[in-house]
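Residue numbers (the working numbering): 6 to 519.
None of these hints come from the bench; they were simulated from the model.
Please read these numbers as outputs of a predicted model, since none were measured by experiment.
Hints are supplied without guarantee of correctness; some may be wrong.
With a cut-off of at most 27 Å between alpha-carbon atoms, the simulated DSS-like pairs for lysine-lysine come out as follows [claimed, not checked]:
#: 1; residue 1: K449; residue 2: K481
#: 2; residue 1: K244; residue 2: K278
#: 3; residue 1: K75; residue 2: K262
#: 4; residue 1: K489; residue 2: K414
#: 5; residue 1: K51; residue 2: K244
#: 6; residue 1: K414; residue 2: K384
#: 7; residue 1: K75; residue 2: K194
#: 8; residue 1: K97; residue 2: K244
#: 9; residue 1: K34; residue 2: K64
#: 10; residue 1: K147; residue 2: K194
Label pairs and their computed distance ranges (CB to CB) [claimed, not checked]:
#: 11; residue 1: D376; residue 2: K144; range: 38 to 46 Å
#: 12; residue 1: L366; residue 2: K287; range: 22 to 30 Å
#: 13; residue 1: G276; residue 2: E409; range: 35 to 43 Å
#: 14; residue 1: E130; residue 2: E409; range: 32 to 40 Å
#: 15; residue 1: K278; residue 2: E48; range: 38 to 46 Å
#: 16; residue 1: R216; residue 2: A432; range: 43 to 51 Å
#: 17; residue 1: E156; residue 2: E72; range: 48 to 56 Å
#: 18; residue 1: T393; residue 2: K75; range: 41 to 49 Å
The beta carbon of each residue, even a glycine, is placed where N, CA and C say it ideally should be.
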Amino acid sequence: MESRYKKVLVVDFGGQYTHQIARRVRELKVYSEIISPEDFEKELKKMDIAGAILSGGPKSVLDEDLENVKKVLESTEKPVLGICYGHQLLAKAFGGLVEKNVVREYGRTRIKIVYRDKLLTDLPEEFWAWMSHWDTVTKPPKSWIVTSISESGAIASMTDNHRIYSTQFHPEVTHTEHGLKILENFLRKICYVEPWWDPGDVVEKIVEDIRNMVGPGENVVCAVSGGVDSTTTAVITHKAIGDRLYCIFIDTGLMRKDEREEVVETLKHVGIKNLIVIDASKRFLEKLRRITDPEIKRRIIGEEFIRIFEEEALKIPNVKWLAQGTIYPDRIESGRVGAKSSLIKSHHNVGGLPDKMNLKLIEPLKDFYKDEVRMIARKLGLPKNIWTRHPFPGPGLAVRIIGEINEEKLRICREASAIIEEELKRAGLYEEVWQAFAVVGDDKWVGVMGDTRKEGYIVTVRIVQSIDGMTADWYKINYELLDKISRRIINEVENVTMVTYAVTSKPPSTIEPC
Numbered sequence: 006m007e008s009r010y011k012k013v014l015v016v017d018f019g020g021q022y023t024h025q026i027a028r029r030v031r032e033l034k035v036y037s038e039i040i041s042p043e044d045f046e047k048e049l050k051k052m053d054i055a056g057a058i059l060s061g062g063p064k065s066v067l068d069e070d071l072e073n074v075k076k077v078l079e080s081t082e083k084p085v086l087g088i089c090y091g092h093q094l095l096a097k098a099f100g101g102l103v104e105k106n107v108v109r110e111y112g113r114t115r116i117k118i119v120y121r122d123k124l125l126t127d128l129p130e131e132f133w134a135w136m137s138h139w140d141t142v143t144k145p146p147k148s149w150i151v152t153s154i155s156e157s158g159a160i161a162s163m164t165d166n167h168r169i170y171s172t173q174f175h176p177e178v179t180h181t182e183h184g185l186k187i188l189e190n191f192l193r194k195i196c197y198v199e200p201w202w203d204p205g206d207v208v209e210k211i212v213e214d215i216r217n218m219v220g221p222g223e224n225v226v227c228a229v230s231g232g233v234d235s236t237t238t239a240v241i242t243h244k245a246i247g248d249r250l251y252c253i254f255i256d257t258g259l260m261r262k263d264e265r266e267e268v269v270e271t272l273k274h275v276g277i278k279n280l281i282v283i284d285a286s287k288r289f290l291e292k293l294r295r296i297t298d299p300e301i302k303r304r305i306i307g308e309e310f311i312r313i314f315e316e317e318a319l320k321i322p323n324v325k326w327l328a329q330g331t332i333y334p335d336r337i338e339s340g341r342v343g344a345k346s347s348l349i350k351s352h353h354n355v356g357g358l359p360d361k362m363n364l365k366l367i368e369p370l371k372d373f374y375k376d377e378v379r380m381i382a383r384k385l386g387l388p389k390n391i392w393t394r395h396p397f398p399g400p401g402l403a404v405r406i407i408g409e410i411n412e413e414k415l416r417i418c419r420e421a422s423a424i425i426e427e428e429l430k431r432a433g434l435y436e437e438v439w440q441a442f443a444v445v446g447d448d449k450w451v452g453v454m455g456d457t458r459k460e461g462y463i464v465t466v467r468i469v470q471s472i473d474g475m476t477a478d479w480y481k482i483n484y485e486l487l488d489k490i491s492r493r494i495i496n497e498v499e500n501v502t503m504v505t506y507a508v509t510s511k512p513p514s515t516i517e518p519c
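Build out the structure end to end from the sequences listed, making use of the hints.
So this is what it looks like as structure tokens:
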């Protein structure tokens, strides 16, 4: 196969950044495929594989038997890059020394290049990188070269000076300066793969797959919320089977302001005729009453959501399939992709699925990241307000309300979030940020309204910048704009007496509070 069309394997050892590695490789226009360590030997032999990246992971290589990995690596001439756990794995497999708790590094660390190999070409002598490790490589394998060190003196990267490279730091996260350049060097200068991957090019194949999957006369129901994921899912499915698609919008009572009206208008615009709108807000709120645990909230919402779908599907003749807008990050943080991954949060699209579904599942976007979905939506000709819309969690405002959910807190969260979005759009900053919303908890603050002392809720404004939602930085907002947002929330949203601003990035925090 011509090298320009080859792909790169990402071997998943259970790290939460595994899929971010894959996404960054795709950003560099090379297709990446995530595999388990058990499939490494078989997949690496395939002709269309240009190289492999070994991910980070929660385990210690000190507890692992790496003879099989070493055997696989010695049986090929294809390039390999190890990251974090992968760095330690390569060191131990080839006779280096890895020790526990010698140097613990977590967060941004200064890196100094001491030997410039192909991987570190065109980088400054020093740069900031993201570290997250307890074990440390204290001695490289024999004849290997240390190429950079951290400010603590730890080995930050090394190479066999032939085809194997490794970094203790994470080049895939945005917190690492020049991280994308490091990955680009691996792809272009070491694997010799030219840019070729475009997610928009696979739309017709997905459409054809759905067409072949859904039998003649079978109908499909599709969850729609108004967001880019569900809308794109609906449009792709509609292209495949036409009016055999029935879209269902369930108003959970946890939606954004004017969500229902916008969904109806959007689907009408893209030519989807069969839309069923269900007002289930009272049903959801009753189920969530007195529930404070975030995971239980998510599970209740997911289970109830699918249950309502099944109820409505029974009213439509010959419905056999449920289409939903699950994307890669949904599956990552739910622990569904990469069996060794640790669960951070269950996601609405996957965490709430009953064990015994009466409908088969179609997930046309399950292998794409949010930015890739936006590209696909744009290529499909969807309106700009759809493919630029901020991500909205499946459980809706439930994950932005800390503690028990009630009508009062929902109203405050909905109205305050709308104000934040309005002001960002007015300032021309909406598309510059990844998400912007309000958070409401149980804490209250005493304020003075006119001459009256009044106790009201605290609203936290959360605005973040991100590429894919896997990591995020809090947005350094202009103080005048923040002041305007604060004053509008206080003046226009009843029973709010204090506005705060969230200044923690992901990690260590998550983007959503619950």
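Here is what the structure says about each hint:
Distance hint between K449 and K481 is fulfilled; the C-alpha atoms sit about 26 Å from each other, no more than 27 Å. For the suggested pair K244 and K278, the alpha carbons sit about 13 Å apart, so the restraint of at most 27 Å is met. A C-alpha spacing of about 56 Å is found between K75 and K262, which places the hinted pair above 27 Å, so the restraint is violated. For the hint linking K489 to K414, the alpha-carbon distance of about 22 Å falls within 27 Å, and the restraint holds.
For the proposed pair K51 and K244, the alpha carbon gap of about 33 Å is over 27 Å, so the pair is violated. Of the pairs offered as hints, the one joining K414 and K384 is violated, with about 38 Å between alpha carbons and a cut-off of 27 Å exceeded. Straight-line distance between C-alpha atoms of K75 and K194 comes to about 24 Å, which keeps the hinted pair within the 27 Å bound. Using a Cα cut-off of 27 Å, the hinted pair K97 and K244 is violated, with the two alpha carbons roughly 51 Å apart.
For the given pair, K34 sits about 31 Å from K64 by alpha-carbon distance, which is inconsistent with the 27 Å threshold. The hinted pair formed by K147 and K194 meets the criterion: a straight-line CA distance of about 24 Å does not exceed 27 Å. Checking the proposed 38 to 46 Å range against D376 and K144 shows it holds: the Cβ atoms sit about 40 Å from each other. Between L366 and K287 the beta carbon distance is about 28 Å. The supplied range of 22 to 30 Å therefore holds.
Taking the beta carbon of each, G276 and E409 are about 42 Å apart, inside 35 to 43 Å as hinted. Between E130 and E409 the beta carbons are some 54 Å apart, a value that contradicts the proposed interval 32 to 40 Å. Taking the beta carbon of each, K278 and E48 are about 43 Å apart, inside 38 to 46 Å as hinted. Between R216 and A432 the CB atoms are about 44 Å apart, so this pair conforms to the stated range of 43 to 51 Å.
A hinted range of 48 to 56 Å for the beta carbons of E156 and E72 is inconsistent with their spacing of about 35 Å. At about 48 Å, the beta-carbon gap between T393 and K75 stays in the expected band of 41 to 49 Å.
Against the hints set out earlier in the document, violations occur for numbers 3, 5, 6, 8, 9, 14 and 17.
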